Structures are given as structure tokens and as C-alpha cells.
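4 protein chains.
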Amino acid sequence: MTKTVNVALIGYKFMGRAHSNAFRQAPVFFPELPVKPVMKVLVGRNRDAVKAVADQFGWEEIATDWHEVVERDDIDVIDIASPGNTHAEIAIAAAKAGKHVISEKPLANSLEEAKAMVQAAKEAGIITLCNYNYRRVPAIRLAKKLIEAGVLGEIRHYRGAYLQDWIVDPEFPLVWRLRKEVAGAGALGDIGSHNIDLCRYLVGEPVRVTAMTRTFIKQRPLPAEDMGAWGSSAGGGMGEVTVDDAAAIIAEVENGVMATFEATRFALGRRNYNHFEIYGSKGSIAFNFERMNELEYFDGTQPTDRQGWSVIQCTNAGDHDFIDHWWPPGHPIGYEHTFIHAIVDFLYALDKGEQPDSDFLSGAQTDAVVDAVLKSAEAGQWVEVERLS
Amino acid sequence: MTKTVNVALIGYKFMGRAHSNAFRQAPVFFPELPVKPVMKVLVGRNRDAVKAVADQFGWEEIATDWHEVVERDDIDVIDIASPGNTHAEIAIAAAKAGKHVISEKPLANSLEEAKAMVQAAKEAGIITLCNYNYRRVPAIRLAKKLIEAGVLGEIRHYRGAYLQDWIVDPEFPLVWRLRKEVAGAGALGDIGSHNIDLCRYLVGEPVRVTAMTRTFIKQRPLPAEDMGAWGSSAGGGMGEVTVDDAAAIIAEVENGVMATFEATRFALGRRNYNHFEIYGSKGSIAFNFERMNELEYFDGTQPTDRQGWSVIQCTNAGDHDFIDHWWPPGHPIGYEHTFIHAIVDFLYALDKGEQPDSDFLSGAQTDAVVDAVLKSAEAGQWVEVERLS
Amino acid sequence: MTKTVNVALIGYKFMGRAHSNAFRQAPVFFPELPVKPVMKVLVGRNRDAVKAVADQFGWEEIATDWHEVVERDDIDVIDIASPGNTHAEIAIAAAKAGKHVISEKPLANSLEEAKAMVQAAKEAGIITLCNYNYRRVPAIRLAKKLIEAGVLGEIRHYRGAYLQDWIVDPEFPLVWRLRKEVAGAGALGDIGSHNIDLCRYLVGEPVRVTAMTRTFIKQRPLPAEDMGAWGSSAGGGMGEVTVDDAAAIIAEVENGVMATFEATRFALGRRNYNHFEIYGSKGSIAFNFERMNELEYFDGTQPTDRQGWSVIQCTNAGDHDFIDHWWPPGHPIGYEHTFIHAIVDFLYALDKGEQPDSDFLSGAQTDAVVDAVLKSAEAGQWVEVERLS
Amino acid sequence: MTKTVNVALIGYKFMGRAHSNAFRQAPVFFPELPVKPVMKVLVGRNRDAVKAVADQFGWEEIATDWHEVVERDDIDVIDIASPGNTHAEIAIAAAKAGKHVISEKPLANSLEEAKAMVQAAKEAGIITLCNYNYRRVPAIRLAKKLIEAGVLGEIRHYRGAYLQDWIVDPEFPLVWRLRKEVAGAGALGDIGSHNIDLCRYLVGEPVRVTAMTRTFIKQRPLPAEDMGAWGSSAGGGMGEVTVDDAAAIIAEVENGVMATFEATRFALGRRNYNHFEIYGSKGSIAFNFERMNELEYFDGTQPTDRQGWSVIQCTNAGDHDFIDHWWPPGHPIGYEHTFIHAIVDFLYALDKGEQPDSDFLSGAQTDAVVDAVLKSAEAGQWVEVERLS
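Residue numbers (our numbering), protein chains in the order written: chain Y, 1 to 389; chain S, 1 to 389; chain U, 1 to 389; chain X, 1 to 389.
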């Protein structure tokens, strides 16, 4: 008999939609899941807006106050998809109430909050997931597999960059992602953290960093109403941008790896370029999320006259993680599938009673790198990354 | 008050899953749909297998005999996702019963059957859709828009190729797609028809063809049990391959366009390479479904020192069809979305009482081209394409 | 002691410059050549123009009448780089005079002329080269090597296309390449022949063809003065285009290979896209001259989770033909190098007294395919290719 | 009447060959040059080796002692293509003797030497060129043109990387490029300096840097005989690598530009990947020398539904610098052409009596950035770049 867990999701905008769809689709395409999610409650402050999304995706109920929901006996899992400044309070309350907790990334807006969340989760003995969703891209799972099998040999370089361009226009309004009190950090926290997390996932822990951040446009029009990161229209007056527009980082990483990271929202022409290159002594790989179904691979052990960068389509059932649940070779999957895969992994983790890959501790460690970067950029010097445990 | 239509889907394997998901997701991501589908009955001969898929995707009931389902008063739409040899009989019965009908492509295994389907639909006055799903790829919709706006100028060349490699291994078994009595044709009918259809959609009607077909592997192991095109395992004994493995075609197309088409299942390394290039007097475009979110565009009106092939990511809400219902720029959608878009268009067509793009008549016209190709390949001479109306 | 041969070159425009540079550079970068060319005479009808080019490239003398030059005792090699309508007469005279002969491709403007050239060469016992220069691209030599080593397995498909766009503008004047009496054929003879030749070089002989040709622009402005294919300016009045603008071909090739070829000067955005794809049972390759230092290779024998199309940079000394004479890995060579390599091969052939790859017989066989294509396009039926010997 | 200048070239290995070819080819393909070089003397310590190269490329004489050559009255230009530790002494002597001087990059192995060279050149009133050859790639000249015309708008980011892989193998011997006393620096000086120079050329001067360097392999086999950077074979014993294998840099650049640079010889699969991306408020560009004839360009002013990264083939006569002297559109040029273009520019500079782009002062400024990087890497802190004049 299949177990079920009742889920409450907090947040209903961009991330809320992605998570809603994930809960909806996971049991359909992964029918063998040992634990099935029940989409119980969708939570948000604007009742009408929440109601619309709940009806759309099939949530049984809605609520406007997360405090009540966290206390409900019939809720097993709290999934937090609201902005970063809300994560710690909700997650700690949920942990204390004994709920398993998923949090969107970054885990928190400050390292202190992140550590408190880890502590609360540990004390409560719950299963946690900090949703660095790119870890569940089949191409990145192949990268992981190749590295763990030693196919790349000794890793020398991680070159990461997460480039976007959605705020190049100075008339783009001051949405919440541009305000420190809500978002914590700018490009660095929003997208740079993804790239740092992938370095941690694939290569090792950054131990020291030197960095620069930059805010190119200091003031922007105030939005009439904040409708999420995208889709806002300008209201009246101007407000100050209080986060970074761009960050550049050099890092020493465990095991002698040299790493660089760049994050910006001013790389005109890069829509969602989450990119990395990893160079080893026997092989190298490269990835760009805009072509998420592909992994580039250079095999230095091939005969020298036929070595080259291969474009591997990671869509072969049996060969590539998760793909046997989708379509035949060469039939792309999309962005939303990464969220479905994350929920699948989380549900298996619940069943086994073991933390999934990318739990709160891992999410907090990524926050520790971000924290060191912010300190380095401010102080103009190298900063050690705190190692959590 | 929103209208609803009760849907019965016939077929539950590869295409059945894609259609099931489409009915499931269309109203979620397109909540403004004027007509909502109710997933009423899933039909297939193997009760247990049908039941499993029905439970997975949320069909209310199952049935093993399509004849009964077609007659049910509470069914409004019949969707045929079973192999080509079943399309005509089911569709004609459904039309006579007054149901609106969707059919997977090719419309039928012979031009005669296809014409009978068109006739039946016309007499019944129903809405029909022959699901050439690639017409609903946002990148291809952009291609259509550019051509219709005259951006490419006068079109000279259509170069089409749909290349796959899933039967390169001679040990791959004799699945139904390799048997003429079920599939009608081989690579030509299965994938070549898609590419021909895109020529018709974007550029114009082929009027004369010369062609060659080839069957590279004449005999294959009989499958133990046919589990769909992919995933079959070999049983005992050998059987004859009765369809083409590959086809090459030259066509004269309306309006002075010169066209070539190639379809093969022996292009090792091409997983699902549905590719075309269109060359005009002012601009050119190219597309490859393996990178389905991209359209390549050459703008011959730019200053000559900066002309080049542009890779347009067709993921901008507002700019690219359907995309405002999905994710932000640079966040890919996948194969399954093309089916969702097709269902969306069909539901709007039902509401308006007008045929959607790619109705049965259009599907039959694509069959007419395939028919001329087969005749040309057999006779070794140019053959005129019959023009239906 | 190094042998030398005295060379006379006929033609001084686009091809004349390329050949001049090749003679000039070959002994510099291939100092171990057993035979050194002496740049003796440059021949052309316009004395001043010839003089300028001769001075530029270092030809010792000039002449305006090739008949005299062919008879000179001190000339060992006649190199014909003038338009196709002149090849046969010059080559036959040179052969009769006992000179070794190089001819630009196509060997002749008609198959009859080509056969006469082969016959004359055979009777004279001379060394000949028909300069299908792309055979000396290192990437194509790698393709040859892989195929001969059986790395691709059994070849199924050759898909060739040579696409250009230099006459898309209807105001582009009627240069000699657009007149049948000088050029013989249009896109088919000029560039399609290259692609056909590469099929012959790499895969096998076409034995039967069906084809279509098209002339999109029937009349063009007469040029004031013909300055070669490029660089002409319009004079007064209009003239008729008497060659094809585009050709499409399907061919049966030896050994069960299915081939397609396309050649056009109306593929806007393709500057010099000499492209082919070859699909085998174990591996596949693709090439585009616009990226001439790269060969794409798909190795179907790799583990299935990491198969992909590799971009091989064919610039490794020791690994790739000719490259040890140039620059370090990753340092591109260019178009002109293919001519230098051809001269190198020819000079080695002189030393050995053996025909080089692509002699007159081979060039004539390519003409035989072109001839069959023209007949097929005119007659609207399949035509057998004559096999020369 | 054409002027001539007598040239002496010092160095005959990799760079010596590239310069020799440049002097040889410049007057052939640029016949309108106002000043013609006479290839007078080739200088090197190994008489036999020098003789061989001189014969190969057509130098009139050879010499083994540069001191004598520098003093010769009949020499007008001294070109220094020997390792970096020799540049200053030779260049200063040549300047004092009133010769015009070309030096390979980096200008010198230390900033102090570089400044002395600038001073000597200034006092002598000579014309100088520090050969950062990539400035003469047509694609990079197009980049320059677009930026200067304001097409990219306000520049935000320069992302540079010059990646190679020729010493990944720990058995690769300790050639001179790996020894500080000869090469000055490692990847940073050899290739990183090119990328820094392109930032200076295209975007602006770096003013502050923070950096890390790394030597992955500390000891290597001693070479039997140093035959240049490539092609050495191991002798006996081990020696210490005294330069960096890799460097990573963050820089503040004039005009608010944020820059990153990476240089490494350990990026397996990158043969000669001299790469940069420049992001502006209206457009962006990207370049990779491995595809040197292409510039990628994103035009943010196009209609939003058709914006994309364009691959511009920079091979159109009239449109792209230098190209009218070479071949038709789509016919690639190669690495060696950049040297020819540099000599062309230098000869024009001689004629005009004005410094060419990239004179000694400019070369020294690039050295100043390298110097700041080395200091930053050593001190672990931000370092200001000295501004020369």
C-alpha cells in the first residue's frame, strides 16, 4: 500500500507555479514512487490570487497565514517557495512542528539564518531539501557520474558563470529581487549561488575567495505592484537598488582546484546562461542550461587524431538519469522537469528516512560561500569560507 | 460559464501518454481556455495495461473496445493515438457518431483511407485535427510568422531532413513501425511526413516529386512482444521488414520553390533531428528539433559587415507563441509541450466552431505527398501530387 | 640534388592567384620536397593585367598566347587555371607536347572534352592533376582515413550540399560563371561538382541519378567588364542566364550507399558552405568548409551514455595531414592552404612517376556524374552514370 | 617610386617562421604597400639552423650575433622574435642605432625593462610595434569598429579567457616557456597577456586587479634539447617549473567596466582558445580564436522576437578589414595572416611616420597589467595598475 504525504506550499508566483507543477506531475510520470504527495494547501497572502493558482494546479485548499498551516496536524511537508527573507522563520517553525521541509534556494538571506535553519532541522530530525534544482538536470547528473567514475581524472579548473540580461534596461522597475531586505543579495544570491552550488556538487568546497561586486544602475522606477521578478510594470517615483547587479569571484577549492564564478543580470543576450566548464587531467566537460539537454565532453583518452568536444544529448532512457520516465532519445525535456525530479528525490528520501542530495546543511554551505564573497567584495581582500557541519 | 467536453482517447503507449499529458496539462497552464477537456475514457485492448496508464494520468474510466466508446452519448471528442492502420475505421465511425475527432499523424496509411476520413468529417460537420505536433513548436511558429510577414522575401529553397538512428543495429527487433500492414510506410510515413508537412505549413504545396526509398536491413528478429516502437525485446525467429528504412525526395513546390526531403532511421548520431532550412531572397531560417527552443535566422537586410546566422531563443513571453503560459526567457520547454499546444488550439477551435490549423484535409494532403513519393520510388519517375479539396 | 620543374600557369584571376601562391609557398613550408617548382611563365590575354600579377607573385616571365608557351622546351608543367571552356584545348596540346598538366576543376565543360583529355594524357604518359582542392583539407583527409580504417562501419548515407549566396541579388551582373558557353554549367558544375567529387573520394561512385535544376533569375544586367566571378560591375543592357542557379540530385552509389547532393547560389547566408554528412553503421561524420579546420565525428562505439557529435580540430601536427608543416594545435589554416597541399602532392607524384590522387581520369569521372545529372534534369528521369576507365 | 626598408629578423623558431612568412607575403598580397620590406638578414645563434630557415623563407643573409646586425648601416628595421628575456637589450641597442623596431609580445619580461624600451624608443624617435597579433584578426577589427561606433552601447563586462592544454601531461618537458628566467611568466605572460591586451584594445585600461596564479605541476623532465615550446623531447633528470600554469584575474577597468581574465595551459580540449565576451547596454559580442573568422554578435536593438546571437563570417571583401586582399566570402584565412596584417600596418606606419596601433608604449602598458597581476597573486590583495605615458 502506497504511503501518502500531505503537502502545504507557501508561495504561488514563479516558484510556486514550478513547485505546484512538480507535485502534480511527479506521481504521474514516476508511478512507482513509494510515497505520493497530496496537494493539500496552497498558502499566500493575497486570497484571490492564491485561489486562482490553487484551482489551476489542483490544490485542495488555500490559506493566507502560513503560521496556521505549519501547525496543522494533517500536514506532513512544508514547501517554502516564497522570497528568501521568509525562509528562516517559516522553516524553523515548520521544523519545530515536526514537518519535513523543502526550501527554495538560497536557503536564507544570511548565513546566520541558514545556520539556524540547519540547527532547527537537526533538532527536529526532519528530512530537508534546499532546492538547487539544477542538480536534477540529467546532463548535470551525467557530469556528476563521469567525475565520480574518475573519467575526467584530476580536476584542475572549474569555470562557472550564470549570466542573464533581464534588467539591462534602466527603466526596468525595482522589483523585490533588487531589494536587499527581501532578496538578500542580487545576481550573486539569485543565480551565482546556483553556480557555486554546482561547483560544490561536482568538484568540491570553495575554501577561500576574492571577489568584486557591482551595481551598474543605482536607482530604478518603483513598480506599481510587484508581480514577481518578471512582468512588473513601473509605478511612480524612483527607488534605490540595494543589491549587486553583478559579481566576479576567484576561489580556491578543495583538492587543488582553481575556480572562477561570475554572475550578472547585465549580460545582454544571455537569457538564462547557467554555464560551467570543468577541466581535468583526462577529460573535460561544459554545460549551458539554455541547452539543458546537452553535455559537452572532451575525452582526452581517445586517439589524438580524433579527440574533440562532443555534444552528448542526455535523453537516452537507461543511460541518463530520470529520462526513462519521459520520452524517446532526442526528445527534449524542459525547465519544469528539474523541479519534478527534485520532488521525486525528496519523496524517495522521505521513504528511506535519509537526507536527499542538497539538504539544508548543503544549502547553508552554499550560503557560507555567498557570505564570504560579500565580505570579500566589501573588504577588498581574500576571505575564508566558513565550513559548516 | 466554462464549457467542457468529454474526451475518449484510443491508444495508451508512446502517443497515448503524450496525449494524456496534454489533456491533463492544457487547462492548468492555459486556464483561460474557453472549453475544458474532461478526461473521460482511455481505450486499449489490454485491460491491465490501459488501467495502469489511466490511473497514472487520471482518466475516469477505461474501455477495451473503441466501437462502444465511439457510440457513447456522453463523449464529445474522440482522440486516436493508436497505429496508422486503425485511424480510418475509428475516425469514420466517430464522425458518423457526430464526435469531433483528433487523429495522430499520419492521417491514414493510404491516401484512399485519408480521403474517406476527410469525406466523413465533412459530411458530419465536425471539427478535426491531424496532430502534426511540430506546427506548435514556438520556434516553428516564429518561422511561420516571419514568412507570412514577408521577412524572408521570395522563398527559393526548402531543405528538409528528419533523421533518426534507432534501428541502426540489425538486432533491433521487427516492431510494428517496421511492418507495412500496421505502419503503412517506414521512415517516410513516420518522420518524413512531419518534414513534408512543415514544408506545406511554411512554404507551400509540393506538386511533383521524384524519390528513392531504401530498406537497408531486410530481415530482423521477431519481437517477443510488441511494446511500442521503442523498448521491444527480441523473441524468436526472423521476419521481413516491409517498409522503407530511408527515403530521399526532390520536389517542385508551389510558387517556384525547390524542395528536398530526406527521412531515415539510419543516421547514426541523429536522435530526433527534424531539420529544415528555408532560403529566401531577403532572409533565411533553419531549425532542428533537437534544439527545439531555437530558430536560426539570417537577416539579409542587415548591414553587410554584420550579417550572420542568429540563434533566436524562442522563450520570450509575449514574443513567442504559447510561451507566456510557461517560464521566463531562456528556460526551455520540451517535447511534450507541443502536444499541449495542439490540444489548446483544438479546444479553441471547438469553441469557435472553426477548423484548427492542420485539420483532416490538411493531414490528407500530406498523405497525398507521401503517396506520390511511394509511387515515384516504385516507378522510378516523377509523379504528380494529387491536390485534395 | 633537388630536381626542379619549370611551370607555366595559364590564368591569373581568382584561381590564378590561388595557384600562384601555392607554387610560391609549397617549397617554403615543405622544404623537403623532392621536386621544386620554378615559377617560369604566367599566361593571360591582357598583358598589363598579367604583368601585374606576375610581378606580385614572382613569375619570371609573362606571355599572352598559351600556344607558344605549351610548345616551349623549357617548360615542364602546364597549369590551367582559366575558365572551363579552355581546359580541353590547352590540356590536349600540352599533353601532346609532353608536358605534365594540372587543370582546375571541372576538368572540362563537357564529358566528351573530358574524355578526350584523359585519352590525350594516357597517350602522352604524363602526370595529371584535376584540382579538386577540397581533397587536401586536413579535416577531409581525416574523414578519408577514418572511413578507410573502417571506423564508420558500413556506410549508408552521403548527404552533400554546397551552398552559396553570391547571386541572390537580381542586379548582380551576368559574369562568365553564369554563361553556359564559358562555364559549362552553373552551381552544379562550379560547386556541386566539388561535392560530388567528395562523395566519390570518400564513399564511392554514383551509378544512377535523378535530378532537378532551376534558374531562378533568367536575365541579368550585362557586366561592363568581366573581372572574374566576383567584383564585376554592371554595364548596360540585359543578358540571359544560361546555366543553372541550383541543382538537387538523388543518387544510388556503389556499395548500397544512398546519396543526395544539392548545389545552389541562392542560399542566402551560406557563403561557402561545402557541407557533407556521412552516416555509417558504427560512426558518422560531418564537414562544413566554412569551418574548414573542424571535422564532426560521432562514434557509435563509445559507451551509450556519452556518445555525441565531437568537433575535432584538425590542427595537430603528426595527427592531421600536412599540419606538421604549419602551426601549433588550434592555430587555423585557411583556404589557400588547400592549393598549396595540392601542389605538394603533385610534386611528389612527379617525383614518383605515379598519378596523384585526383588525376584527369578521376576528374573526368566527376564530369560523368555532372553529365548524367544534366541529362536527368532535362529528361525528367533516372539516368545511368557512364563509368570511365 | 616605391620605398624599401631592409629588415633583420632575430629568431627563427615558431615566431621567427611566422614573421618570416609575414615579410614574404605582405608585399605579394598587399602590392599597393608604400614601403616594401627587403628580407636582408636572419639572425640566430645556431648557424646551421638559421641557414636552413633563411633558405626556406628567402632571407638574403644570416648572422649569429645580433649586436653586429643592429649596428649595420644597411639595416632599417630590427624585428625581435626571440624569447622575452632578450627583447629589452636588443630593442634598446637597436633604438640607439636609430633602427625602427618590432618586438614580439610580451614587450619584456619585466615592467622595468619594458619602460626602458619605451624610453629608448622615444629618445630615438623611431617607429615601434609590439606584435599583439590578434589585434589584426578581421573579426576583432570588426569588434573594434562596432564598439567605436557605439553599436554595443555602454560596456558593462569584459570576460576574457585564453585557454590551452599543451602541458597537461606531466611528462611534457621543461621547455623555455616554463622557465621564469627566459619566459618571464607562464600562461599569464604568454597568453593571458594577449587577452589583457585585447581588453585594452577594445574596452579600456584595467586600473586595479586581484588575482590568483597556480602551478599544478611543480617539476618536469628536462628536455634533451630545447626546440621551441612545442616539439621538445625529454632528456634526463627533472627541473623546477618556475612560472605559473594558470592565472585568474578580476579587474576594474576604466569607464565602469568589470573584467575577468583567465589563462591556463591545463584546459584539456582547448587548443588555442583565445576567447572573450563583451556585454554592452545595446549589444554584445563574443570571439574565439579557434574559429578566428567568426564574430558572434547579439544586437539588442532588433525586434525582441528575433534577437539572437549571430555568427558573422568576417570574410567579406569591403566589409571586413584586410579581407579584400584575400579570397571570396566564406573562404577562411588562417593564423599566419594575422602576422602579415601586422607587418602591413607597420609598413604603413613607417611611411606615414606615425606609430602604428600597438606600439611599445601600448605593449608596456600590457606589461604593467601583468606586473600588477603577479604582485596581486603574490601579496594576496588588490593592486593598482601603473599607468604609463
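None of these hints come from the bench; they were simulated from the model. Any given hint could be a false lead.
The list makes no distinction among identical chains, and a pair is therefore deemed to hold if it is satisfied within one copy or across any two copies.
Claimed, not checked - Straight line, CA to CA, 20 Å or less: simulated SDA-like cross-link-like pairs of lysine to any residue:
#1 Lys36 to Leu222
#2 Lys51 to Leu33
#3 Lys13 to Trp327
#4 Lys115 to Ala93
#5 Lys3 to Lys13
#6 Lys36 to Gly58
#7 Lys13 to Gly318
#8 Lys352 to Pro303
Only a predicted model underlies this, so the values are computations on that prediction, with no experimental measurement involved.
Each hint, compared with the structure:
{"no.": "1", "hint": "Lys36 to Leu222", "verdict": "neither (43 Å within a copy, 38 Å between copies)"}
{"no.": "2", "hint": "Lys51 to Leu33", "verdict": "between (28 Å within a copy, 17 Å between copies)"}
{"no.": "3", "hint": "Lys13 to Trp327", "verdict": "between (28 Å within a copy, 11 Å between copies)"}
{"no.": "4", "hint": "Lys115 to Ala93", "verdict": "within (14 Å within a copy, 65 Å between copies)"}
{"no.": "5", "hint": "Lys3 to Lys13", "verdict": "neither (29 Å within a copy, 27 Å between copies)"}
{"no.": "6", "hint": "Lys36 to Gly58", "verdict": "both (15 Å within a copy, 14 Å between copies)"}
{"no.": "7", "hint": "Lys13 to Gly318", "verdict": "between (34 Å within a copy, 18 Å between copies)"}
{"no.": "8", "hint": "Lys352 to Pro303", "verdict": "neither (44 Å within a copy, 31 Å between copies)"}
Hint compliance for this structure: hints 1, 5 and 8 are not met, and every other hint is.
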